[in-house]
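Novice: Once you've looked at the hints, dock chain V against the given chain X.
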Amino acid sequence: MSRVAPTSGSKALYFLCITLSAFLLYLDINYKSFERAKNLYKSFTISSSYTIKRITLDPLNYIFEISKEKSKLIEENKKLKQELDNSYIANFILSRDSKFFIDDEAIKKFLDLNKINKPFHLAKINSFDVEKYLCCSQHRMFIKIFNSKDINFIGSTVINDQGILGQIIYDKSIAEILLLTDVSHVMPIISNNHFCNARGSGKPGVITCNYSKLIWPDPIEIGQEFFSSGMGGIYPSNILIGYVSSINATDDNNIHFDIDLVANPLKSSFIGVLEKL
Amino acid sequence: MNNIGYIKLLVIIFIANILESFLAPILIKAYINIPITFLIFSFAIYKSRFNTNALYAFLFGLYVDFISSSPIGLNAALFSMMAYAVNSYSNTFKLFSFIQICMFFSGSATFYIGFSHLFINLENFSYLILFISLIFNTFLFLIISMLRFYFPSLKIK
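Line by line, the protein sequences give chains X and V.
Note that my numbering has the first sequence beginning at 4, numbered continuously upward.
Note that my numbering has the second sequence beginning at 200, numbered continuously upward.
Looking at chain V on its own, in the form it has when it is part of the complex:
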């Protein structure tokens, strides 16, 4: 498990934000929402060998707020919450199966969608989007996590 550099993560999140802005209008027609930037950040801190500093999560959240034109502070709060949750349960995750990890991440993504919609889309808050996104994200993460079984690894174990 490797720690990813700050600059690298900033660039990845920037690209993910652009990708998200392209995909979201298409997926929303099927009531699906995938918070790619949030998931990439969550995955980075999950994979990190060390505990993530609260300021690190906060500043990355502010950065995402700034580039994604969402209200300033929204992603900062959610990224800080996610970092706290991942750090608190980092050892517990080792006892989990990959299915449980996938469910944790899809649950977190759903929480993120619901929470952010409370601020940016309260007038049209939709439980249907939350429910379909939860199911879709769970299956998507399961498929992504299962891919490693079907592709050869270059790592020497």
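For reference, chain X alone in the conformation it holds in the complex:
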């Protein structure tokens, strides 16, 4: 049986559908109109996969573990791993960001609230779309923050044991992190007296900067270190962000350079969320 070519009526319907799609696309890209529905779906899939895992895999794992004599050792090992991640993050803050602790009142308040001597909340990565991270411009990560009942983390800095990863842009049951490499992310960074607004490149582990020689006459060098400036009120200052990896002159006066980040989001499954500055 042969298929009939589209009639003028069905052609009009196709045209209508494509136009409607284009309109929806415009709304989503420019106004993020469907962000809430998408986040709801993501939360649902993460929660359901977590629940399914808890119902199906975890009991099997448990049976498997109790069948072995070393089950206690395994548990202890897990706890130690978590403590180790904890201490990595604490050491990172203490060793690289001494200026962050200038405000004694903020430290005291934090210590009183959390009854611990670390100004961060431990979080576990719940979902990370590595496909999008490696191929596309949108670099997001979803985490579950521990002990975060009454705290709003939107705008909080997220770190791992290597450095700054990004900031939280959505915080419900699952928090969403905008990574430094996302193209919509901009971060003020500094090197000596040189300042630059670094944009995410959309490439894994790379952010980019543009500057004019007329404003910034000093040359930039491969391997030069860049630090967070603390401007913008999101990130703590003087934390090493990365090293210059490539420099390209776009014209006689303008220079474009890439910075390789020191912090890799794929490194650890546990990360730290600082309370807002």
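Any given hint could turn out to be false.
What the hints assert, rightly or not - Covered stretches of chain V, as calculated for chain X (at least 3 residues, CB under 8 Å):
(1) 207-216
(2) 266-276
Claimed, not checked - Chain V is nowhere near these chain X residues, computed Cβ spacing over 12 Å in every case:
(3) S70
(4) E78
(5) W219
(6) P222
(7) G236
(8) D255
Simulated from the structure, these hints should not be mistaken for laboratory data.
Glycine included, each C-beta is placed from N, C-alpha and C at the ideal position.
Specialist: Relative to chain X, chain V alone:
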């Protein structure tokens, strides 16, 4: 040639989307991109005995947009375009050899990759990915279409 049911196709596309999300990070290292969900939908409407309704393609595209976290409307537009192209040339395809059909599908897949990258990856748009994906997809489809010659068919002709 059989029409595939809506529910069946929804489930297949859902599984294909999960498979794609697992394969894509590995393949992208070799500059290869295979839009599995798009290809499965295209193949379903190509194999269908009847013309696909525009709304059918549109709604399936929206469904893929929703489950794949791509911008809403992107797959809806591309699925509608593909359905229109397949319906328009459904009789012409009968004159084509399987090599030409494979080239049509790999060309469509490349168009899909290019078009979607214009929206989700404009900053790092790569012609290398398009070119390598075109070649890889063409050979992949040729191999898949040639498999039927090497495996026994259970159909009574």
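Novice: All the hints need checking, so say for each whether the structure fits it.
Specialist: Status of the hints after comparison with the structure:
As drawn, the region 207-216 of chain V meets chain X at 0 residues by the rule of a beta-carbon pair under 8 Å; below three, the given contact is violated. Proximity of the region 266-276 of chain V to chain X, defined as three or more residues with a beta carbon under 8 Å from a beta carbon of that chain, is established by the 8 residues found. Distance check for S70(X) against chain V: the nearest CB is about 30 Å away, which clears 12 Å, and the non-interface claim stands. Distance check for E78(X) against chain V: the nearest CB is about 30 Å away, which clears 12 Å, and the non-interface claim stands.
Even its closest Cβ contact with chain V, about 23 Å, leaves W219(X) beyond 12 Å, as expected for a residue assigned away from the interface. The Cβ of P222(X) lies farther than 12 Å from every Cβ of chain V, with a closest approach of about 26 Å, so its non-interface assignment holds. Non-interface status of G236(X) relative to chain V is upheld: no Cβ of that chain comes within 12 Å, the nearest being about 26 Å off. For D255(X), the requirement that its beta carbon stay farther than 12 Å from each beta carbon of chain V is met, with the minimum near 24 Å.
In this structure, the one hint that does not hold is number 1.
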